[in-house]
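Novice: Take the sequence shown: its letter number 6 is residue 18 in the numbering used here, and every next letter is one higher.
Everything labelled a hint here was simulated from the structure, so no lab data went into it.
You can trust all of the hints, since none of them are fake.
Taking CB as the label site, the calculated pair distances span:
no., residue 1, residue 2, range
1, L257, Y236, 21 to 31 Å
2, F179, I321, 20 to 30 Å
3, T184, H152, 35 to 45 Å
4, T184, L332, 38 to 48 Å
5, I29, L81, 24 to 34 Å
6, N214, P108, 10 to 20 Å
7, V38, Y236, 30 to 40 Å
8, S252, L107, 32 to 42 Å
Note that CB positions come from ideal geometry on N, CA and C, so glycine has one too.
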Amino acid sequence: MGERDWSQGLGYQYISIFTVVACYWVISILTVFVNKSLLSAQHDFDAPLFVTWFQCVFTVAVCFLMKRLSLICGRCGLSQFPNQPYNFKLLVKILPLSIIFVGMITFNNLCLKYVNVAFYYLARSLTTVTNVIFTFILLHQRVSGKAILCCLVITLGYFLGIEEELFHASLTFNGVVFGILSSCCVSLNSIYTKKVLPIVDNSAWTLTFYNNVNASLLFIPLIYFVGEFPERIIVHEIESVHFWLLMVVGGICGVSIGFVTAMQIKLTSPLTHNISGTAKACAQTVIAVWSYNDIKPWMWWCSNWIVLIGSGLYARVQQLDMERLYKDKKSKTLPLSTDDAVSKQALLGDVDEERDI
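Could you build all of it, start to finish, from the sequences and the hints given here?
Specialist: Next comes the structure, spelled out in structure tokens:
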């Protein structure tokens, strides 16, 4: 088998998907712990939006620097960075996704600020449920009874975990609200990312660059509106090496997570991305409990397992529906109609780039 045949083969695709998913897990878990350290009470300032804005600006700077290096060094594997870093038309086209992106990372960090890392997974476990809801509302796709049943299982586990956290007085109302808003934005972000990728020639780095340029600008009025003045933060923490080291590490994580998230959605689907995130969060929960020496009751663990099982069953339902649709269409000699193709994409969690949502 030649190199070209291997690069286009199924084995190569499996390895590519496995590598991207593994990188997503590692980088995402590291990002959560770094951001939790930045947002925790060990610092005397309260500026989650400033921290998030810094990570967006850092991402833009890294993308721009890497492109400059690619021009200087020639063909060195960096040709995938955006060739036109100031294309205003692309900035406008990506703006709807950027607004959702700003909401997603803002609510992610605000949720992380008000809940512990161990509960962070459960607080955002309604992502699959919101994904189904938005698929029905925005894409007008029918949702099967089995899928709804799986969503009810996830919801049951979610409320069971909420009750356990409230019983032990370790949960705040803000944490719950920001977790729900985060779930909504994560679902919308995955849907719109798949829709926007063709605009940038399916380049994850290009999308990362333009998305973070927009986000950096959108965050500025938000920061001043909530009273997070950067000059006060910088003066207070100017001599804190630990703080700025965490900020830089957080920026690196922000660059990496944006890229691997786009790559995971590109190689799989929005639904698969959400399921991967749910499974990753389960491992993250175990690591968090072990790292912080937390002791959780068995009912708390049951709630996590209920959510995980519900998410796994939902993935299985979607897989069976996809296989059934494929077999039905394969048995027919007529080509797929446009409506049938859209229905198949919906089962995959994909979004037709020409469909107005």
